[in-house]
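Engineer: Residue numbers (the numbering used here), protein chains in the order written: chain G, 187 to 330; chain L, 2 to 229.
Think of the hints as simulated: they come from the structure by calculation, not from any bench. Treat the hints loosely; a few may be bogus.
Said to hold, decoys possible - Now the stretches of chain G that chain L is said to cover, found in silico as 3 or more residues with beta-carbon under 8 Å:
1) 204-216
2) 219-227
3) 245-251
These figures come from a predicted structure and were not determined experimentally. All residues carry an ideal CB built from backbone N, CA and C; glycine is no exception.
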Amino acid sequence: MSARETMIPVLRLWDRVLVTLQGDITDDVAAQMRDDVLEVIYRRPARGLVLDITGLLTLDSHLCFVLSNLAAAARLMGTPTVISGMSARIAYTLESMGVELTGVRTAATAEVALEMLGVTVKLAEDSDAARAALIAKLRGEGRS
Amino acid sequence: MTDRPRGPTQPPDRAGSEPAPVGLPRWQDLEAVLGRYLSPIIVQGVAARFGGNGPRSAPLSPERLAEVLPHLEAALRLFAAPGQLAAALRELEAFWGRGALTESVVAIVQERDVGEARACARLLCEQAGANDFVAQRAVTIVSELARNIFKYASPGRVEFTVADRALRIVALDAGAGIAHLDDILAGRYKSRTGLGKGLTGVRRLADTFEVRTGPTGTRVEVTLNLRG
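For reference, chain G alone in the conformation it holds in the complex:
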């Protein structure tokens, strides 16, 4: 399989870039992902980059190096990076190995990462109108 066939999608959300790394990632795929992300940021500047590693199976010294490098390059282009979703077993392994992800901020979830990068959430179901409708509905059910 070529790196193209196993390409990792790079999503743009509200001027932020989101990449989710899943499963077993080979060095070629990681390198391709790094280039793709930098290309996307170069084409249209982003206010932040989230690398979500919730589904990642292994994070070893090389992949750490690729991610730190990517974050450093993105920073040079004006885009801060947050890594989210590191599992306990990966965190513990990195710590035991003495490998550090230098120059990268981390967050528990992608949601928190996006918030750290300036995204504030306003949910439709939380609006005054939606709340009023819900209360009216509940009252109606209470009467019947």
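Given the structure of chain G, go ahead and fit chain L onto it with the hints provided.
Structural biologist: Chain L in isolation, oriented as in the chain G frame:
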């Protein structure tokens, strides 16, 4: 490129009263051990909780065995007579690793072989009943060693052996050897392409670590206790 993993053949998925393939225990075999040390009502309770839905005569996969053994051990510790506990645990211990892969070799030639080696480590750990943290350490060690071979000394191979619930990993190549080995292990050397942390990381993650390197090749041997 993977050699066919050597190990007992997997059982057919049908249940019956015919004897299980050699090496693969059945639930009734485990129950027989429990029955010698625990009262019938407790054995029944354990069977209801952990015995699964299949017939008692169906062979248990290595993964399934690794999953239930800790529970059975806990039951023995709770309910076996103190004087008999050691003997009971010994009997149960003998079931560890039955039918599981105990040996495998992955040749490292292309980049995807590195992923193959990681997958192999993951499978062996799973079948040996290693917990997630230990398995992660094993897979990360293999990733570092296999990549080193691929990048600097391909072709080579990674050999795996499981014995006494420990995993031995041997990474072999016929490359030009590791220059500056002492500096690398002392943390004084940083490679341009990595953090210079691969090999030192492996040493920190493993329970034992040994490197022999020279102009005709490198051999790294690592062991990891899978009991966690």
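Engineer: Taking the hints in turn, state whether each one holds.
Structural biologist: Each hint tested on the structure:
1. 204-216: Since three or more residues must qualify, the claim that chain L covers the region 204-216 of chain G holds, with 4 doing so at under 8 Å.
2. 219-227: violated (count 0)
3. 245-251: Our answer is that it holds, as 6 residues pass the Cβ test (under 8 Å) against chain L, meeting three.
Consistency note: the structure conflicts with earlier hint 2 alone.
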